[in-house]
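J.: Spelled out, the chains give:
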Amino acid sequence: MLDPNLVPTVDPNPLPAPYWVFKLLLIVTFFLHILAMNCMLGGAALALLARWRQGTNKFGNRIFFDVAKKVPVLLAATISLGIAPLLFVQVLYGQYFYTSSILVAWPWFLVIVLLIAAYYGFYFVSYRGERRPLAAGRVMLFSTTLVLIIGFIYTNNITLGLVPSRWARKYFSSPSGWNLNLSEPTLFPRYLHFMTAAIAVGGLLLVLIAWAKWKQDSEYARDLFQFGGKAFLYATMAQFVVGFWFLFSLPRDLLILFMGGNALATSLLAFGIVGALASIYLMSDALRKDNVRHAAIAVSSITALIVLTMSVMRDILRDAYLKPYFHPQQFPVKTQWSPLLLFLGLFLAGVALWIVMLMRYGFFAKAKAANR
Amino acid sequence: MNFPVWDVAFGAGLLMALVAGLHVFVSHFAVGGGLFLVLTERKARRNNDAAMLNWLKFHSKFFVLVTVVFGAVTGVGIWFTIGLISPTATSDLIHIWVWGWAIEWVFFFLEITSALLYLYGWDKLDPKLHQWYGWIYFITAYLSLVVINGIITFMLTPGHWTDNHEFWTGFFNPTYWPSLLFRTCICLALAGIYALITASVQKDAALKARIVRWGALWTVPSLLLLPVFARWYIRRIPADIWASARGAMPTGTNSALGACILLGVTLLLALIALAMPRRLHLAFSLVVALVAFGALDSFEFVRESVRKPYVIVNYLYANSLYSSSMSGDGGFTLDKINDAGVLKTATWIDVRELTKDNQVAVGREIFRVECSSCHTPSSYRGVHQYIVLRQWDQDKIRAMLGSLYLMHNGVMPPFAGTDAERDALAAYIGSLQPPIATPSGAANGKTVYEHDCGMCHQVRADDHLFANLPRDPQAATDALKDLPGLFPVMPDLKLSEDERRALVQWVNTQRPAQAAAVNGGN
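Residue numbers (my numbering), protein chains in the order written: chain A, 605 to 976; chain B, 1056 to 1577.
Rather than coming from a laboratory, the hints here were simulated on the basis of the structure. Worth double-checking, as some hints may not be accurate.
Said to hold, decoys possible - Incomplete in silico selection of chain A near chain B, CB under 10 Å:
#1 V715
#2 I720
#3 W771
#4 M961
Unchecked claim - Below are the DMTMM-like pairs computed for lysine to aspartate or glutamate, each with C-alpha atoms no more than 20 Å apart in a straight line:
#5 K1549(B) to D1448(B)
#6 K1549(B) to D1412(B)
#7 K1112(B) to D1218(B)
#8 K774(A) to D1062(B)
#9 K834(A) to D919(A)
#10 K938(A) to E1221(B)
#11 K1179(B) to D1062(B)
#12 K1501(B) to E1552(B)
#13 K1116(B) to E734(A)
#14 K1391(B) to D1412(B)
#15 K673(A) to D889(A)
#16 K938(A) to D1218(B)
#17 K1179(B) to D670(A)
#18 K774(A) to D1405(B)
#19 K1501(B) to D1533(B)
#20 K938(A) to D1384(B)
#21 K1116(B) to D1104(B)
#22 K1536(B) to E1505(B)
#23 K673(A) to D1178(B)
#24 K662(A) to D889(A)
#25 K1399(B) to D1412(B)
#26 K674(A) to D1178(B)
#27 K834(A) to E734(A)
#28 K627(A) to D919(A)
#29 K1411(B) to D1384(B)
#30 K1501(B) to D1527(B)
#31 K662(A) to E823(A)
Each residue gets a CB set at the ideal place from its N, CA and C atoms; glycine is no exception.
Let the hints inform the model, and build the full structure from the sequences given.
T.: And the structure:
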């Protein structure tokens, strides 16, 4: 039964800036968050895979530790960059977000507990792993599994937030928050779509690490490049199955948006597909010619663009789902100019300081030296 | 009522207290500990103290593992949790303070980055540059406190914000500055207290002693300054709100007392550590930390409980109803619900019609949407316990529900809903306990007072009951017959003649003047 009345009303406080400002911030910060998440999760998964094939590959264990040591920092980046979209999604979509979160409250709350456990596990591998290699593998598997579970809980919550018509029955059958959204047809393809993307981007992370080590340690860097590049390749190919499964699992009226119904959505999807094909071609070419530079620069740029495209498509899809309920005009707007300008100023200064911090630490010098 | 209520069997409030309580203990350390790292590094380098530097390296690893992992994730955890338990308040706070949160995020991002570079840079960077990262860490961490402090204090003392809804008015509210300085002291004190933990496991006794003495320089003066800023803080809180911590509200009063005692014990333990710096044991350092944790959380409990019945004072009640009507309130205000009724207003309610047969079921729904943000039926703040303790039957419960806002200096929002809905809620609460046996034997005045009067009245000379009840026993007994006639806001308790007589007799023995006379007679 569709009961639009069940959607909570917006609170009385006006938006402190025009709607589009928050929309832009939401999409951009979500894009950054998802890139970091992909590197973290993809990196962790590929580290495990490298270790698993260490019997046949002499660098397996080295790749494992090399990448595993970067995972805590990548997780810190994922969380830090995740806070902003968590804020902005509440600004615009709080009614849906809080409600679906409450319906899956316990799993949602568990995210915090699982995250702390996973985080300490990653740090254990990073700090103690080399001294206790056997435990390191198990802990890495444990932490990575927790992160995969967190991703699954996220997909459940986010998909549930899109379908208010399902809320009432779910809530009144179990108000204690022990719910998931398992009956959602798009749940598994959507989840796998994100996880497969993480493997692809994780592969690119390995390619970038290989690029940085290309001159100083070429044999290892070549192996790392081949491993990461192939991971990217296979994951991106798999995306043609998973991605289309996701697409065709969408309700018909939403599916047609990407099939010509909405010009922007259709062109973004087309761009995504063409971009993915191009990146597959470029990566296999680079792998064959052992040209890490091409793979690192060209494929990374294309992939970043695809992820951005997908972030915009994700937003279009959300608004299409919520079309019966959500109307941007429903927000009264009263711009708070001075805090807004203060934020923008601090944000720009913060980005500048952040770059200076990395520069003084020698991040860019290292990359430069490696490619001279 | 606007959002579904997450039904947590053991009490949503307990879960919130757990997450927030753990977070604040780490987040204050994250700020003070940052300054501690840079200043300790500077001191150790100036003194060429290699042992101290070595310890500091270890301590900074501990610092990152505690603050960047546990501190940061529990911080997000607070957000997750309040969104689940108080979505309306969260939505309000998000919309009112978007730019505050966004600014804090910028600082947070820089904070995390600089903390990691500081940690990883110990062996890579030259000392000056290394300390530069330390300074960036501390400054950005402190600035995140500067921001969050505005939002937290706003909830207790929004000041003129309720009139003009201006960002800066709410931000620099009456308790902003005292709270900032108060929390700064907590941060500095915790820096010294956490240092005891890593110091205690050092084998070199001389090094251990140096760290303990240095840590005490952070802890002792900060703890001594706390009462000064606390006094300023308290003076900026409206007196009628602060009365809750001065006896009018058990939770507020007990927490305030606990905070004072535990603060004193923390100081004492810090001094003991200072007296025997070479013999500091890990267990002892953990006890110091635990007591400090208790002191800090008691303070946060005071702040949260005196704020009751509100989440945002004079704006939003703890049960997510707005205190007055405004455009966009969605009908979720007291007066509108009193007119329309809970069943017609609440979105997430299963029963829409109240009949003779479904009174208890409807009462349960009303309890869920109106009471369960703080209460459970019978565990954390369980109403069942309150009722059993006071032996209230359904009629008395119904009468008392009309006076919620008078209890313990107004710890609860008024009941919102129609009279029939109040009956239903009373029926549900009454159904939680076995039927009351009619008391046998003569009534005891003290018991009558504790059961029926003590929620709103206090044994004080200026309390209405003790100041204004006629001294003549018969006149007083008669006057208590019609409580609303005596004072319109009183619940119509219908005490029996026996109970009234016993109550009057007991009240007369408790009147402060008389008590003084009795004491004087001794």
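J.: Now look at each hint and say whether the structure bears it out.
T.: Status of each hint after checking the structure:
1. V715: At 7 Å from the nearest chain B Cβ, V715(A) passes the 10 Å test, so the hint holds.
2. I720: Check passed: Cβ of I720(A) comes within 5 Å of chain B, closer than 10 Å.
3. W771: holds, 8 Å
4. M961: holds, 6 Å
5. K1549(B) to D1448(B): holds, 12 Å
6. K1549(B) to D1412(B): Given that 20 Å is the threshold and the Cα spacing comes to 26 Å, the pair is violated.
7. K1112(B) to D1218(B): Violated: K1112(B) and D1218(B) sit about 51 Å apart, past 20 Å.
8. K774(A) to D1062(B): Roughly 13 Å between the alpha carbons, so the hint for K774(A) and D1062(B) holds.
9. K834(A) to D919(A): violated, 30 Å
10. K938(A) to E1221(B): holds, 10 Å
11. K1179(B) to D1062(B): violated, 52 Å
12. K1501(B) to E1552(B): It holds: about 15 Å lies between the C-alpha atoms, which stays within 20 Å.
13. K1116(B) to E734(A): Distance ~18 Å between K1116(B) and E734(A) Cα, so the pair holds.
14. K1391(B) to D1412(B): Given that 20 Å is the threshold and the Cα spacing comes to 26 Å, the pair is violated.
15. K673(A) to D889(A): violated, 30 Å
16. K938(A) to D1218(B): holds, 16 Å
17. K1179(B) to D670(A): It holds: about 18 Å lies between the C-alpha atoms, which stays within 20 Å.
18. K774(A) to D1405(B): Within the cut-off at roughly 12 Å; holds.
19. K1501(B) to D1533(B): holds, 18 Å
20. K938(A) to D1384(B): Holds: K938(A) and D1384(B) sit about 17 Å apart, inside 20 Å.
21. K1116(B) to D1104(B): holds, 19 Å
22. K1536(B) to E1505(B): Cα-Cα ~18 Å, so holds.
23. K673(A) to D1178(B): holds, 17 Å
24. K662(A) to D889(A): violated, 25 Å
25. K1399(B) to D1412(B): Holds, because 19 Å separates the two Cα atoms, which is no more than 20 Å.
26. K674(A) to D1178(B): Satisfied, since the Cα-Cα distance of roughly 17 Å is no more than 20 Å.
27. K834(A) to E734(A): Distance of about 26 Å is beyond 20 Å: violated.
28. K627(A) to D919(A): holds, 9 Å
29. K1411(B) to D1384(B): violated, 32 Å
30. K1501(B) to D1527(B): holds, 18 Å
31. K662(A) to E823(A): holds, 11 Å
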